[in-house]
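Could you put the whole structure together from the sequences, leaning on the hints where they help?
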Amino acid sequence: MSFRMNTRTRIAVLMIPPALLLLFFFVLPMFVMASYTFREGSFGAARQRFTLAHYREFLENAAFQHLLWRSMLLSLETSLYCVILAYPAAYYLAFQAGPKRLTLLTLIIAPAWTSFLLRVLAWKLILGSEGMLSSLLQSVGLLREPKPLLLYTRGAVVVALAYSWIPFVVLPIFAALDRIDRDLLEAAADLGCAPWQAFLRVTLPLSMPGVAAGFVFVFIPTLGEWVTPALVGGVKGVMYGNIIQDQFARALNWPLGSLMSFVMLLLMLALILPISRFARFLRLGGL
Amino acid sequence: MRYRAASPLGTIYFILLVLFLYFPIGILVLFSFNDSILLIFPLRGFTLKWYAALSQAEELLKAVRNSILLGIVSSAFATLLGTMAAVGIMRFRFVGRGFFLAVASLPLVIPYVVLGVALLVLFSSLGVPLSFWTVGIGHVIISVPYVILIVAARLAGFPASLEEASMDLGATYWQTLIRVTVPIASPAIVAAFLTSFTTSFDEFAVSFFLIGRQATLPIYLYSQLRFPSRLPLIVTLAAIVMVSSIAVLGLAEWLRRKDQPA
Numbered sequence: 001m002s003f004r005m006n007t008r009t010r011i012a013v014l015m016i017p018p019a020l021l022l023l024f025f026f027v028l029p030m031f032v033m034a035s036y037t038f039r040e041g042s043f044g045a046a047r048q049r050f051t052l053a054h055y056r057e058f059l060e061n062a063a064f065q066h067l068l069w070r071s072m073l074l075s076l077e078t079s080l081y082c083v084i085l086a087y088p089a090a091y092y093l094a095f096q097a098g099p100k101r102l103t104l105l106t107l108i109i110a111p112a113w114t115s116f117l118l119r120v121l122a123w124k125l126i127l128g129s130e131g132m133l134s135s136l137l138q139s140v141g142l143l144r145e146p147k148p149l150l151l152y153t154r155g156a157v158v159v160a161l162a163y164s165w166i167p168f169v170v171l172p173i174f175a176a177l178d179r180i181d182r183d184l185l186e187a188a189a190d191l192g193c194a195p196w197q198a199f200l201r202v203t204l205p206l207s208m209p210g211v212a213a214g215f216v217f218v219f220i221p222t223l224g225e226w227v228t229p230a231l232v233g234g235v236k237g238v239m240y241g242n243i244i245q246d247q248f249a250r251a252l253n254w255p256l257g258s259l260m261s262f263v264m265l266l267l268m269l270a271l272i273l274p275i276s277r278f279a280r281f282l283r284l285g286g287l
Numbered sequence: 001m002r003y004r005a006a007s008p009l010g011t012i013y014f015i016l017l018v019l020f021l022y023f024p025i026g027i028l029v030l031f032s033f034n035d036s037i038l039l040i041f042p043l044r045g046f047t048l049k050w051y052a053a054l055s056q057a058e059e060l061l062k063a064v065r066n067s068i069l070l071g072i073v074s075s076a077f078a079t080l081l082g083t084m085a086a087v088g089i090m091r092f093r094f095v096g097r098g099f100f101l102a103v104a105s106l107p108l109v110i111p112y113v114v115l116g117v118a119l120l121v122l123f124s125s126l127g128v129p130l131s132f133w134t135v136g137i138g139h140v141i142i143s144v145p146y147v148i149l150i151v152a153a154r155l156a157g158f159p160a161s162l163e164e165a166s167m168d169l170g171a172t173y174w175q176t177l178i179r180v181t182v183p184i185a186s187p188a189i190v191a192a193f194l195t196s197f198t199t200s201f202d203e204f205a206v207s208f209f210l211i212g213r214q215a216t217l218p219i220y221l222y223s224q225l226r227f228p229s230r231l232p233l234i235v236t237l238a239a240i241v242m243v244s245s246i247a248v249l250g251l252a253e254w255l256r257r258k259d260q261p262a
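So the sequence lines, in the order shown, correspond to chains A and B. If you use my numbering, the first sequence corresponds to residues 1 to 287, in order. If you use my numbering, the second sequence corresponds to residues 1 to 262, in order.
Bear in mind the hints are in silico, worked out from the structure with no lab data behind them. The model shown is predicted, which means the values in this text are computed figures rather than measured ones. Don't take every hint at face value.
[What the hints assert, rightly or not] 25 angstroms max Cα-Cα, derived BS3-like pairs, lysine-lysine:
no., chain 1, residue 1, chain 2, residue 2
1, A, K100, B, K258
2, A, K124, A, K236
3, B, K62, B, K49
4, A, K124, B, K49
[As the list claims (entries may be wrong)] Examples of chain A residues toward chain B, derived with CB under 10 angstroms:
no., residue
5, M30
6, A34
7, S35
8, I108
9, W113
10, I126
11, V140
12, S261
13, M264
14, I272
[Unchecked claim] In silico negatives: residues of chain A with every beta carbon more than 10 angstroms from chain B:
no., residue
15, E145
16, A187
17, A188
18, M208
Don't be surprised by glycine CBs; every beta carbon is placed ideally from N, CA and C.
In C-alpha cells form, the structure reads like this:
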C-alpha cells in the first residue's frame, strides 16, 4: 500500500507542473480562441456581445476559402519538392556514406537550426532585382538589365520554403532507410533481382513511413506560414497565414482572425488524427 | 554493418545539396566583408567596417541582449518542465500517459500563427499586458516538446535498473533522481537546453503576436528590413548569428551522441 502511495506521489510531483503548463498555456488558449470567434468586436462592449456574423462572413467570402485551398496546394508542392530532393541524399547517407554518416547528417541538419528569418532574408537578397543573383548574372553577361528573378512570386515562396525544410525531410527518410535489414536486399539479389528492381520492390516500400513522416513534417508547418510569404511572396505569393496575421496587425478584427486561426487548427487536427500512431511519426523523425 | 561502395553519382548529389543548403549562409558571410552599402555583385573589396559598426548599433545590441535573456529564461523553464515530464513518462505507467504525450507533442504540429493568436486572445481576455513574459511563455510551449523527446530518447537508452539499484542501496527516490537519473540524462538535458535556446533566439512568428515594447532580435530585424541602408549591418549580424548557431548546434549534437549506447 505504501509502495503504491509513493509511486503516486512521484508521478504527481513529476507530471503535474508540466501538465498545468500545457493546460493553461496551450489547451486553454485554444478554447479561448474558439470562444472569441463568437464575439462581435475586438475591444470594449462589442467584445461582450455574441454574434455569428464572422462565421457568415467567412463562409460567404469565397476569397478566404480560395486562399486556404491555394495555400494547401502550395504546401503540397513544397512538400513534394522537399521529399524528391531529400530522398537521394538520405539514401546516400544510409547506404553509401560509410562510418562518417552521422557527421554528414549533422552537416545537412545544421543550416536548419540557424535563423529562419535570416535565411529567408538571404533569399530575398539573392532573388531581388537589385539582388545578388541578378547582379551576378549581369556581371558575367547572362542578363542585360536588373530584373527581379522570382522575387514576389509564388515560386519564390516555394523555393524559400523548400530550402528551409529539406533538412527536416532528410532526417526521417534516413532513419527509415537505415532501419532496413540489409539481408533483405541480399536476399533480393540472390533471388535474381536487379539492383533497380530491389530498390523499387524492397527499399522504396520499406522507406515509405519515413517519406510520409517527412511529408507531414513539411506540409503542416508550411501551411501555417506567414513570415516567408510576407518577405518574398509579394501580392502573388500571399498565403492563408498572412490574412490571419493581417486581422491582428492591421484590420484589428480579432474575432475574424480567431475564426480563421480556429479553422486552421481544426484542419490540422483533421489531418493529424487519422495518423493515429502520430507519436510513432515523431520517433521516426529522430527528434 | 555493411556499406555499399559509394557511387560517384550519390556523392556528387550529396555535395550539391550541401552547397545549396549553405549557399545563402555563405552569401551573407561574404557580403558582411564587402566594402559597399549595396548588396550586389561585383564585390567592392574587403572591409571589417560593418563588424566595427555593429558595436555602435545600440538598439540592435539591446535587442540581442533581450533575445539572449529571453532565450536563457525560457529554455531554463522548458528544460526543467520537459525533463520532469520525460522522466515521468519513461519511468512510470499511469492513466493519461498517452494522452499527455499526444497533447505535449501537438505544439510541434500546430502552426505557430495559431499558437500566437491563441495566446494573444488568452492574455487579452485575462487583461495581462504583453511583455517579455508573454513571449517567454510562448517560447516555453514551443520548446517543451523538443525537450521531452530529446531527454526521453536518452532515458530510453538506459535501463531503470540503475535507479532501482540506487534505491536498493538506501537512497530515497528523490536522491536517486538528483544523483543518478539527472547525471545519466545530463548530456541530453544540456542538448535540450541548447536546442530550446536556439529555437527561442530565432523565434519570430509567435513573438510577433506576443511582444510588448522590448524588441527581441528577430522582431528588431524584421522592423529594419524596410530600410535598405541598414541591410549591410543586418547581413553582418546575420553572418555572426548563423555561424555561431551552427557552432552551438554542433556542440549540442556532440553532447547528445556522447556515450549514448548505440
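Do the hints match the structure? See the list:
A hinted pair counts as satisfied when its Cα atoms are at most 25 angstroms apart, and A:K100 with B:K258 qualifies at roughly 15 angstroms. Taking the CA atoms of A:K124 and A:K236, the gap is near 15 angstroms; set against the 25 angstroms cutoff, the hint holds. The hinted pair formed by B:K62 and B:K49 meets the criterion: a straight-line CA distance of about 20 angstroms does not exceed 25 angstroms. Proposed proximity of A:K124 and B:K49 is supported: the alpha carbons are some 23 angstroms apart, at most 25 angstroms.
With a least beta-carbon distance of about 5 angstroms to chain B, the hint placing A:M30 at the interface is held under the 10 angstroms criterion. Interface hint status for A:A34: upheld, as the beta-carbon distance to the closest one in chain B is roughly 9 angstroms, under 10 angstroms. A cut of 10 angstroms between beta carbons decides the hint on A:S35: the least distance to chain B is about 8 angstroms, and the hint holds. The interface hint given for A:I108 is met, as the beta carbon of that residue sits about 7 angstroms from the closest beta carbon of chain B, less than 10 angstroms.
At about 5 angstroms, the closest approach between the beta carbon of A:W113 and any beta carbon in chain B falls short of 10 angstroms, and the interface hint on this residue holds. Hint status for A:I126 relative to chain B: holds, with the closest Cβ pair at about 6 angstroms, below 10 angstroms. About 9 angstroms separates the beta-carbon of A:V140 from the nearest beta-carbon of chain B, less than 10 angstroms, and the hint is met. Taken as an interface hint, A:S261 checks out: its beta carbon lies about 4 angstroms from the nearest beta carbon of chain B, inside 10 angstroms.
Of the supplied interface hints, the one on A:M264 holds, with its beta-carbon coming within about 6 angstroms of a beta-carbon of chain B, less than 10 angstroms. Below 10 angstroms, beta-carbon pairs count as interface contacts, and A:I272 has one with chain B at about 6 angstroms; its hint therefore holds. Listed as outside the interface, A:E145 is consistent with that label: its C-beta sits roughly 13 angstroms from the nearest C-beta of chain B, beyond the 10 angstroms cut-off. For A:A187, the shortest C-beta to C-beta distance to chain B comes to about 14 angstroms, beyond the 10 angstroms cut-off, and the non-interface label holds.
With a closest Cβ-Cβ approach of about 13 angstroms to chain B, A:A188 is found to remain outside the 10 angstroms limit, as its non-interface label requires. Under the 10 angstroms C-beta cut-off, the non-interface status given to A:M208 relative to chain B holds; the minimum distance is some 20 angstroms.
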